[in-house]
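Visitor: Which chain is which? The protein sequence lines are A and B, in order. All the letters of the first sequence, read from the start, carry residue numbers 764 to 856 under this note's numbering. All the letters of the second sequence, read from the start, carry residue numbers 41 to 641 under this note's numbering.
These aren't lab readings, by the way, just hints derived from the structure by calculation. We put the CB at the ideal spot given by N, CA and C, even for glycine. Be careful, since some hints might not be right.
Stated by the list, open to error - If you only want the chain B side, here are some residues facing chain A, beta carbon under 8 Å, derived:
id, residue
1, A116
2, D123
3, F152
4, V475
Said to hold, decoys possible - Some chain A residues flagged as far from chain B (calculated, every beta-carbon gap over 10 Å):
id, residue
5, M764
6, R784
7, L814
8, G815
Unchecked claim - Facing chain B, a subset of chain A residues (Cβ under 8 Å, in silico):
id, residue
9, A779
10, R780
11, A782
12, A783
13, V786
14, S812
15, I813
16, L818
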Amino acid sequence: MLERTVTIRNALGMHARAAARFVHAAGGFQCRVTVAREERGDRRVDGKSILGLLLLAASRGVVIRITADGADEDEALGSLCRLVEAGFGDEPC
Amino acid sequence: MLRIPGLPVSPGVAWGPAALMLHRHSAMRRGIAAAHVERELGRLDTAKETSATQLRAIHARVSQRAGADLANLFEAQLLMLDDHLLVPRARRIVESDRVNAEWALDRAFDEFCAVFSEVGDEYLRERRGDVADVVGRLRRNLAPAAARGAGADPAAPAVLVADELAPSVAAQLDPASILGLAFETGSRTHHSAILARSLAIPAVAGAAGVTLHIRPGALVLVDGDAGEVVIDPSPEVLDEARVRRERRATSAGLQVSRPAGPVLTADGVTVRFHANIERLEEIETAKAAGAEGVGLFRTEFLLGDRAVDAFDEEAQYRVYREVVERMAPHTVTIRTFDVDESQAAGGGGGERDHGARPRGIGLSRGSLGLRAIRVSLGHREAFETQLRALARAGRHGAIRVLLPFVSSVDELRDARAAMRSAIHEVEETGQTLAVMPVGVMIEVPAAALTVDLLAAEADFFSIGTNDLIQYCLAVDRADGRVAGLFDPLHPAILRVIRSVIRLARPRRRPVALCGEMAADPGALLLLLGLGVTEFSMSPAAIPEARGLVRRVTMGDARRAAVRAVSLPTSADIAALLAARFPALASWPTGRDGRPHMEGQP
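Work the whole structure out from these sequences, hints included.
Guide: Printed below as a string of structure tokens:
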């Protein structure tokens, strides 16, 4: 199991489309992906569930902890962190 | 047996199988047989597939027209449709609780919203809208199957149990199939409560958590006298209720069989009772109840979802004419539209809520905002249209025009000018018009304090206690958390009413009282003692009020009122009433020798 923290950078935070991109990306890996807000680690949500991700209310500046557990965990974690750091591909504001 | 206390908002007692309704989606909870679980799951799956097909089509169309970015929103919705928190969760609820698909879907959405509301910033509310969109689509796609009927017959007579009840929904209830009403929010003066009384449906409001405790099909009793909901009532409770219902039916029968006309107090003072109505169907009920006219016709309920300027003169004229002709020879007091700006634009008449807000938190329509006469004066054309229709209907009977929410002489003058202009326009068509009195509704403290100034230019007054109480006491009657502070016997209320009567006296302007306060027996006697001899109330409350007035003397009422206005608390005032008027103890709507009033323990 691997985990890493990453900061939400895009202006709108993890909104519906951003969460959708995350789910698509996570869905491309076999490993289990969970996400939590760093400051309240108690509520972990399924990284492959768009509703779960929306429940995180991860707005700009929020630090999230992504955990990957499975055969392709290394690759998955790298790919997902890059997506978040790139602002989910949102248009720069 | 489980007893849940609430506020008694419409008298009477009723029992029957519970039908549950969540206002937000109007979903009924139905229990299903084990054999039907597969069918409900199938309905969910079909609705999901249909929704997915629709969303893919929308996605394709939007990406052609608006580009990939916006189209991705629908891709997000497709993901939500597939999310295990939604449809799969609803499937599990169907299996574990044996309930219909609609209900299960609502529960799944509720669970999601419950977590969401904990965070509750603006950003999130927007996201919830996306999910609500998907849930709404699923619900629509469930509908055709639901219409074919699946199990319990929702048309069978039942007690409706709801988290909240929008007046627009309440207005459509069929009294023949709704035995009683119990809802979690609201208060005695909420419009749904008023409607329940006018339809003579026993109702309890403010029954906290009642929807959570009721199993599908459970027997539930609504005690609109005591203010209690009883789930799975014992045989003893049912027996007692049966006796009470029979006694009430007998006394109501006696009252109705008596000729209508003015009622005299035991010492011979004339008291008049008029009806508050908002629908033509209520006219016969009003007459049967002994109403000597309509004291308040709430025209905004005629709007439905129409904008005020889409309700044409001819259609209005026909309704007003019918009311006055059917009530002849009695006077009909018609109140101009009491709507807020969004309702004026076609957002539906009467109070209503637009879905997504946390349960148990009510907000009344712009209580201190742009509504009623303020809206009418801002929509001058629509206002004059209404006034023309009223002026024309006035040729067919006695109509008085009542202006709601007036807070200054300026507004009264503006409205009078609109009236003159409307009359002038009608007269240009060659019609001669009868003189139509124009009155002011006293519901804003500013108006109550300046009745002497208004009296110089108004022909009559009508005290609207529902709003007057909430503005005097700073209590939002739709907010369940403070609804208990809504107290008609508060010393301030008695004093302000006394002051209104006194200020109107020098110019001999009649003062009627059209709030629901007068439907409470104890309050009615106090009002009588303060000098109010003209009341308007829901038709269902009139027979009892008439019966009560006959049994007391004006002298006793006056002496009790004089003493009451000097007492420091409403509890003292209630105790005084109980001591001075032993008749209240045995009165059907009274309880334990005390009149029932919200604000009283």
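Visitor: Is the hint on A116 of chain B kept, meaning its closest Cβ partner in chain A is under 8 Å away?
Guide: OK, holds: A116 of chain B within 8 Å of chain A, min 4 Å.
Visitor: Double-check A779 of chain A for me: the hint is only fine if its C-beta lies closer than 8 Å to a C-beta in chain B.
Guide: OK, holds: A779 of chain A within 8 Å of chain B, min 4 Å.
Visitor: Classify the hint on D123 of chain B as holds or violated, based on whether any CB of chain A lies nearer than 8 Å to its CB.
Guide: Since chain A brings a Cβ to about 5 Å from D123 of chain B, closer than 8 Å, the hint holds.
Visitor: For the restraint on I813 of chain A, tell me whether the closest CB of chain B is nearer than 8 Å.
Guide: Hint on I813 of chain A: holds, closest Cβ of chain B at ~4 Å, below 8 Å.
Visitor: Please verify that the nearest CB of chain B lies beyond 10 Å from L814 of chain A's CB.
Guide: violated (4 Å)
Visitor: Hint check: is the beta carbon of A782 of chain A less than 8 Å from a beta carbon of chain B?
Guide: Holds - the Cβ of A782 of chain A comes within 8 Å of chain B, reaching about 7 Å at its closest.
Visitor: With chain A as the partner, please determine if V475 of chain B meets the hint condition of a C-beta pair closer than 8 Å.
Guide: violated (62 Å)
Visitor: Would the hint on L818 of chain A stand, with a C-beta cut-off of 8 Å toward chain B?
Guide: Holds: closest Cβ of chain B sits about 5 Å from L818 of chain A, inside 8 Å.
Visitor: Is the shortest C-beta separation between S812 of chain A and chain B less than 8 Å?
Guide: With a minimum Cβ separation of about 5 Å from chain B (threshold 8 Å), the hint on S812 of chain A holds.
Visitor: Holds or violated: is there a CB of chain B closer than 8 Å to the CB of A783 of chain A?
Guide: holds (4 Å)
Visitor: With d taken as the least Cβ-Cβ distance between R784 of chain A and chain B, does d exceed 10 Å?
Guide: With a cut-off of 10 Å, R784 of chain A comes too close to chain B, as the shortest Cβ separation is near 8 Å.
Visitor: With d taken as the least Cβ-Cβ distance between G815 of chain A and chain B, does d exceed 10 Å?
Guide: violated (6 Å)
Violated hints for the displayed structure, listed by number in ascending order: 4, 6, 7, 8.
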